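In the numbering used here, the protein residues as written are 1 to 270.
Don't take each hint at face value.
[As the list claims (entries may be wrong)] Here are the simulated lysine-lysine pairs, BS3-like style, with alpha carbons at most 25 Å apart:
id	residue 1	residue 2
1	K203	K241
2	K4	K31
3	K103	K4
4	K4	K133
5	K215	K191
6	K170	K203
7	K250	K203
8	K2	K215
9	K250	K199
10	K215	K170
11	K170	K134
12	K244	K215
13	K170	K101
14	K103	K2
15	K206	K191
16	K133	K2
17	K86	K31
18	K4	K244
19	K191	K31
20	K199	K170
21	K103	K80
22	K215	K203
23	K4	K250
24	K80	K133
25	K101	K191
26	K80	K101
27	K215	K199
28	K134	K31
29	K31	K133
30	K4	K86
31	K170	K31
32	K191	K241
33	K2	K191
34	K133	K203
35	K241	K206
36	K133	K170
37	K215	K241
38	K4	K170
39	K203	K191
40	K170	K241
If you are wondering where the hints come from, they were derived from the structure by calculation, not from laboratory data.
Predicted model only: the values in this text are computed from it and were never measured.
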Amino acid sequence: MKDKRILYVSSEVIPYLPETEISSTSFEAAKMVNNIGGQIRIFMPRFGNINERRHQLHEVIRLSGMNLVINDLDMPLIIKVASIPKERMQVYFIDNEDYFKRKATLTDEEGNMFDDNDERAIFFAKGVIETVKKLNWSPDIIHVHGWLASLLPLYLRRYYGNEPLFSGAKIVTSIYNQDFEGTLDENMQEKVLYDGMEKEDIKHLKTPNYVNLMKLAADHSDAIITAGEDLPEDLSIYLGKLNKPILPYKNREEFSQAYQDFYTNEVLSE
Numbered sequence: 001m002k003d004k005r006i007l008y009v010s011s012e013v014i015p016y017l018p019e020t021e022i023s024s025t026s027f028e029a030a031k032m033v034n035n036i037g038g039q040i041r042i043f044m045p046r047f048g049n050i051n052e053r054r055h056q057l058h059e060v061i062r063l064s065g066m067n068l069v070i071n072d073l074d075m076p077l078i079i080k081v082a083s084i085p086k087e088r089m090q091v092y093f094i095d096n097e098d099y100f101k102r103k104a105t106l107t108d109e110e111g112n113m114f115d116d117n118d119e120r121a122i123f124f125a126k127g128v129i130e131t132v133k134k135l136n137w138s139p140d141i142i143h144v145h146g147w148l149a150s151l152l153p154l155y156l157r158r159y160y161g162n163e164p165l166f167s168g169a170k171i172v173t174s175i176y177n178q179d180f181e182g183t184l185d186e187n188m189q190e191k192v193l194y195d196g197m198e199k200e201d202i203k204h205l206k207t208p209n210y211v212n213l214m215k216l217a218a219d220h221s222d223a224i225i226t227a228g229e230d231l232p233e234d235l236s237i238y239l240g241k242l243n244k245p246i247l248p249y250k251n252r253e254e255f256s257q258a259y260q261d262f263y264t265n266e267v268l269s270e
């Protein structure tokens, strides 16, 4: 993996958000590649409950200032950056006043999902890709973590399908059992269709629940990592029928070597 470029895109990363399977695995995977001589970039949302002063986030003016069109509305993209202490790893934060200023991540104080989580997912996917384009950084692997990042494979393959910077990139999606109840906005499919997608490519978004978002991500990925135990049966069966490389669940003691082998022998050899 030495000198290979890996883009990590995650809904949460420690130390910026509390430790969960997603936030810790996103961090540990990036740290592992960084330690063996790979080049990494990490992207996550700048949720309003991230303490900017404590973590020393600052805006990157040269990367900010673009407007992203979400459901026919211009939404300003703000990019912030911070360094993870002691690790020599930078994290880029996708920010927007409307989508990420509130002092919470994905749910309100009562545990209810925010009504605009679908638009936040679209904004996050497009924001990451546009920022990487500005950085002119061509990744070998793009590794996606968390359902808020689940639209990234679709947008890379369809909306940005002719972008030379990503033409050689392999997409890996890690699928966790950190899901949510119910569905995102029932009009989510129409909002994605606004970006010129084919209806067949986003058929799963007719009912935008957790399982269908993961199916959509898997459809447009080159390889899958089972990153949580006890995935929904429907999802496990679907993944097994895709005829794509799948890494079974590995615990924390096993994952480092398993990920390296999977990246090298399954993903990059395709």
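Going down the list of hints, with the structure as the test:
no. : hint         : verdict
1   : K203 to K241 : holds, 17 Å
2   : K4 to K31    : holds, 14 Å
3   : K103 to K4   : violated, 36 Å
4   : K4 to K133   : holds, 18 Å
5   : K215 to K191 : holds, 18 Å
6   : K170 to K203 : holds, 23 Å
7   : K250 to K203 : violated, 31 Å
8   : K2 to K215   : violated, 31 Å
9   : K250 to K199 : violated, 35 Å
10  : K215 to K170 : holds, 17 Å
11  : K170 to K134 : holds, 20 Å
12  : K244 to K215 : holds, 13 Å
13  : K170 to K101 : violated, 32 Å
14  : K103 to K2   : violated, 39 Å
15  : K206 to K191 : holds, 11 Å
16  : K133 to K2   : holds, 23 Å
17  : K86 to K31   : holds, 11 Å
18  : K4 to K244   : holds, 22 Å
19  : K191 to K31  : violated, 36 Å
20  : K199 to K170 : holds, 24 Å
21  : K103 to K80  : holds, 17 Å
22  : K215 to K203 : holds, 10 Å
23  : K4 to K250   : holds, 23 Å
24  : K80 to K133  : holds, 16 Å
25  : K101 to K191 : holds, 22 Å
26  : K80 to K101  : holds, 13 Å
27  : K215 to K199 : holds, 15 Å
28  : K134 to K31  : holds, 24 Å
29  : K31 to K133  : holds, 23 Å
30  : K4 to K86    : holds, 22 Å
31  : K170 to K31  : holds, 19 Å
32  : K191 to K241 : violated, 28 Å
33  : K2 to K191   : violated, 40 Å
34  : K133 to K203 : violated, 28 Å
35  : K241 to K206 : holds, 21 Å
36  : K133 to K170 : holds, 16 Å
37  : K215 to K241 : holds, 11 Å
38  : K4 to K170   : holds, 12 Å
39  : K203 to K191 : holds, 13 Å
40  : K170 to K241 : holds, 20 Å
The structure does not agree with the numbered hints 3, 7, 8, 9, 13, 14, 19, 32, 33, 34 stated previously, though it agrees with the rest.
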